[in-house]
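Undergrad: Sequence:
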Amino acid sequence: MRLKKQIQGLSYVHSSFFTNEPAEKLAKRLASYAPKDLNRVYLVSGGSEAMEASIKLVRQYFLEIGKPQRRHIIARRQSYHGNTLGALAAGGNQWRRSQFEPLLFETSLISPCYSWRDQKEHESEEEYGLRVANQLEVEIKRIGEDKVMAFLAEPVVGATAGALCPVQGYFSRIREICKNMEFFLFFMRLCVEWDEWIFICL
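Numbering-wise (numbering that gives the first Met the number 0), the sequence shown opens with residue 0 and increments by one.
It is possible that part of the hints are untrue.
Said to hold, decoys possible - Below, a list of computed lysine to any residue pairs in the SDA-like style, where the Cα atoms sit at most 25 Å apart:
| hint | residue 1 | residue 2 |
| --- | --- | --- |
| 1 | 178 | 119 |
| 2 | 178 | 124 |
| 3 | 4 | 29 |
| 4 | 55 | 170 |
| 5 | 4 | 16 |
| 6 | 24 | 56 |
| 7 | 66 | 51 |
| 8 | 27 | 44 |
| 9 | 140 | 64 |
| 10 | 55 | 30 |
| 11 | 119 | 36 |
| 12 | 55 | 36 |
| 13 | 55 | 4 |
| 14 | 66 | 4 |
| 15 | 146 | 136 |
| 16 | 140 | 71 |
| 17 | 66 | 22 |
| 18 | 146 | 119 |
| 19 | 178 | 2 |
| 20 | 55 | 15 |
| 21 | 27 | 37 |
| 22 | 24 | 35 |
| 23 | 66 | 154 |
| 24 | 35 | 19 |
| 25 | 4 | 22 |
Derived by calculation from the structure, the hints in this document are not laboratory data.
Let the hints inform the model, and build the full structure from the sequences given.
TA: So this is what it looks like as structure tokens:
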């Protein structure tokens with residue numbers, strides 16, 4: 000019934016130039032769940048478009064503060080961030096990307112936090128998590144500390160590795176690296192009852 004009422008009143012409004020009451024209500028509701036200083040919402044049609052918008056937003060940020068050399072993205076192997084060209088480029092799912100490689104921007108890939116496969120016998124979970132997280136720092140230094148704009152990760156990898164949860168301490172170290180080197184950390188695809196959220200943190 001609500002959908003019918005909305006269609007009768009307004010079927011489509013381009014979100015870059017106009018707004019509408021249901022979108023305003025939804026934005027306010029979503030913002031109310033976020034911490035106080037996260038009080039802006041940008042609504043898009045789905046996860047791939049959200050990833051594209053996030054990449055553009057971060058690029059724009061570094062242009063605005065006079066750091067145009069910050070253009071590199073680092074992600075994890077076996078990650079999935081969407082099917083548009085930008086989202087494919089930002090992901091680490093090789094079989095999805097391979098046929099489109101000539102069209103994709105370059106993304107550096109590090110290991111996912113996959114303790115079941117990669118943790119060594121002598122390592123504790125914490126030691127394993129730190130070892131894998133520290134790959135990010137190594138890759139940043141290889142590229143150049145002043146050239147990276149973001150690290151992308153799914154908190155729980157879904158589509159390409161099957162509900163893969165990180166070990167304790169892994170994301171704490173990742174966040175520390177991103178904060179120390181002053182670039183963005185994307186948490187992509189937190190699956191919740193409202194569909195998909197993308198959190199961008201500095």
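Undergrad: Run every hint past the structure and note whether it holds.
TA: Verification of the supplied hints:
1. 178 with 119: 28 Å, violated
2. 178 with 124: Holds: residue 178 and residue 124 sit about 23 Å apart, inside 25 Å.
3. 4 with 29: 22 Å, holds
4. 55 with 170: 24 Å, holds
5. 4 with 16: Holds. Residue 4 to residue 16 sits at ~23 Å (cutoff 25 Å).
6. 24 with 56: The hint holds at about 23 Å.
7. 66 with 51: With a Cα-Cα distance of about 20 Å, the restraint between residue 66 and residue 51 holds, given a limit of 25 Å.
8. 27 with 44: Distance of about 17 Å is within 25 Å: holds.
9. 140 with 64: 22 Å, holds
10. 55 with 30: Holds, at about 21 Å.
11. 119 with 36: 41 Å, violated
12. 55 with 36: 21 Å, holds
13. 55 with 4: Cα-Cα ~34 Å, so violated.
14. 66 with 4: 47 Å, violated
15. 146 with 136: Since the Cα atoms of residue 146 and residue 136 sit roughly 13 Å apart, the hinted pair holds (cutoff 25 Å).
16. 140 with 71: 12 Å, holds
17. 66 with 22: 34 Å, violated
18. 146 with 119: 32 Å, violated
19. 178 with 2: 43 Å, violated
20. 55 with 15: Holds, at roughly 14 Å.
21. 27 with 37: 11 Å, holds
22. 24 with 35: 17 Å, holds
23. 66 with 154: Cα-Cα ~28 Å, so violated.
24. 35 with 19: 24 Å, holds
25. 4 with 22: Holds. Residue 4 to residue 22 sits at ~14 Å (cutoff 25 Å).
In the structure shown, a violation is registered for the earlier hints numbered 1, 11, 13, 14, 17, 18, 19 and 23, in ascending order.
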